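Fit chain B to the given chain A structure using the hints.
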Amino acid sequence: MNRLPKSLFIGGFITAAMVCTAILSRFWTPADPTGMNILQRLKPPGPAGLLGTDQIGRDVLSIIMSGAWTSLGIAVVATVIGGAIGIGIGVMAAAKGGSVERLVMALNGVLFAFPPILSAILLGALLGPGGLTSMVAIGVFMIPVFARVSRAAAIQIWARDYVKAARMAGKNDVLITLEHIFPNISAQIIVQLAIQTGLAILSEAGLSFLGMGVSPPTPSWGRMLAESQTYLASAPHLVLAPGLAIAIAVLGLNLLGDGLRDLTDPRRRQNT
Amino acid sequence: MTRLLTLFRGLLVTAAVLLAASLVIFLLIDAAPGDPAEIMLGTSAQADTLAALRHELGLDLPLFSRYLSWLGGVFVGDFGQSYTYGVAVGELIGDRLTVTLPLTVMATALAVAVSLPLGVVAAARPGRAEDNLASLFAQIGIAVPNFWIGLLLIVTFSLNLKWFPPGGFPGWEAGFNAALGSLILPSIALALPQAAVLTRVTRAAVIEVTNEDFVRTARAKGLTKRRALWRHTVPNALLPVVTMLGLQIPFLISGAVLVENVFNLPGIGSLAYQALSQRDLIVVQNVVLLFVAIVLVVNAGTDALYARLDPRLRARK
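Note that the protein sequences, when read in sequence, are chains A and B. Residue numbering for the first sequence is 1 to 272, as defined by this note's numbering. Residue numbering for the second sequence is 1 to 317, as defined by this note's numbering.
So here's chain A without its partners, still in its complex pose (with noise of 0.2 Å):
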């Protein structure tokens, strides 16, 4: 149990609570996050609001627990598109080899050249900003990260005997990758989830920042610091904490899949 990561105990205990925090939202806030009070807008936090409250009057606490839900949810759904997409292909490359390797990692460069912003204007372009923009935008550019990892550990395995012997036993890459190569790539596959969310979760605060992201009444963090720009003079507390909840999610995730590693990877470990 001491052996444990310290990484992984404070990276799994934010992420934790950000997604009880996403769950809670959809039952229960301090306030309605959509309902306005004129009479009590720009308030500090104090008796008004425990994180105060914004430009009309809502509760930004209210705000930032529901926008947990969206955040989380957009980069999930992101990470889910990309990661299938990407560890598909990628362990269909180290199968096949040759040519097909070669044309799907070509194919991965023209995706990497995509960074999230890009295609979110392009895709913007055509389909109008929303969530589902954000999601395929973020998750098309997360398809050549996973498939370069899982390319990489999944020749690491094709190249070892019991792979080697179970071909000979006559078995197919079909289903030699189901029962070897997937099950000896899962752990770095599960690190890159929770790092690429935690990338996710930051593409998709910048697309809301922009106004390309969900759109209002959704709640959404990086909507939240478009909107304080407009007050920075006289409301900074606007400003500190949608910022802060997207940096402690981020932080969480990341030091959550550093965690992740260290614990699947000794050899890190001892390095680090």
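Hints in this document: simulated from the structure, not taken from any laboratory. Computed from a prediction, not measured in an experiment: that's the story for all the values here. Incorrect hints may appear among the rest.
[As the list claims (entries may be wrong)] Covered stretches of chain A (chain B as the covering partner; in silico rule of three or more C-beta atoms under 8 Å from a C-beta of chain B):
1. 108 to 120
2. 228 to 242
3. 245 to 254
Every residue, glycine too, gets a C-beta built ideally from N, C-alpha and C.
Quick look at chain B alone, frame taken from chain A:
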């Protein structure tokens, strides 16, 4: 000869990927709703006027001809005419580059200036206070959104201390100092996540090279720890740092779009964003292609540089 062949192959791959990316961009933008002729002339324009303009812009040509015509124009520096600004897209991009280019160069220089010493010091004293501080900086820097840092910098250094302007760009014609001054806070905001990633990579690379035989030999020959570190370890640890600098380009571009928005800078990122909201899709199309080309060329350049700097890779080829 082999090196030239490798370089040529790298160029060919980059060109092929760029061509594929240009097709993706063109098809997506082409499928987007909105008639450029109607955007330029307004919804009340006569049908024959609209048709004439469509013909003039080449919009009545078949899909593939339009793609080839755009691509051909790009090759000779003709990116088309902006629907809303009424000027050549190339001219617009050129103007905006005078802001984005110095901003990204300043941010990268700042990130390298901070991360290299920090990463080296952390690696030289693993587990000590310096190392913990560097790790903390790296973790926080990666997690914190750069547009939030931008807002905090505005509140602190512009609104409270009044050291820097809160946003806007006076233009280089207003004087070097005034223009540079307006880019300092944005470049700090843009540099932070980069510096965090580079600190991590530098630390890991220096630790790895420290354990190499040639460093041990250098120490055995009587070199001090500090001299062995700066003369043998650090130069050899720079390779992964160079690679990471190349891989950071997509994030630098994304960051520039956001930071330009926070500081109201008339850069190329904000041009793409404004063009999207105005449905000036020809501008969006060219700016996205430019960004993609930058990512691909820098990555190819990094690969070539890496192969050139690392004698082991040279030998393998």
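Evaluation of the provided hints:
1. 108 to 120: That given contact holds, which follows from 9 residues of the region 108 to 120 of chain A lying within Cβ reach (below 8 Å) of chain B.
2. 228 to 242: Result for this restraint: holds, n = 7.
3. 245 to 254: Coverage by chain B holds for the region 245 to 254 of chain A (6 residues, Cβ < 8 Å).
In terms of the numbered hints stated before, the structure departs from none.
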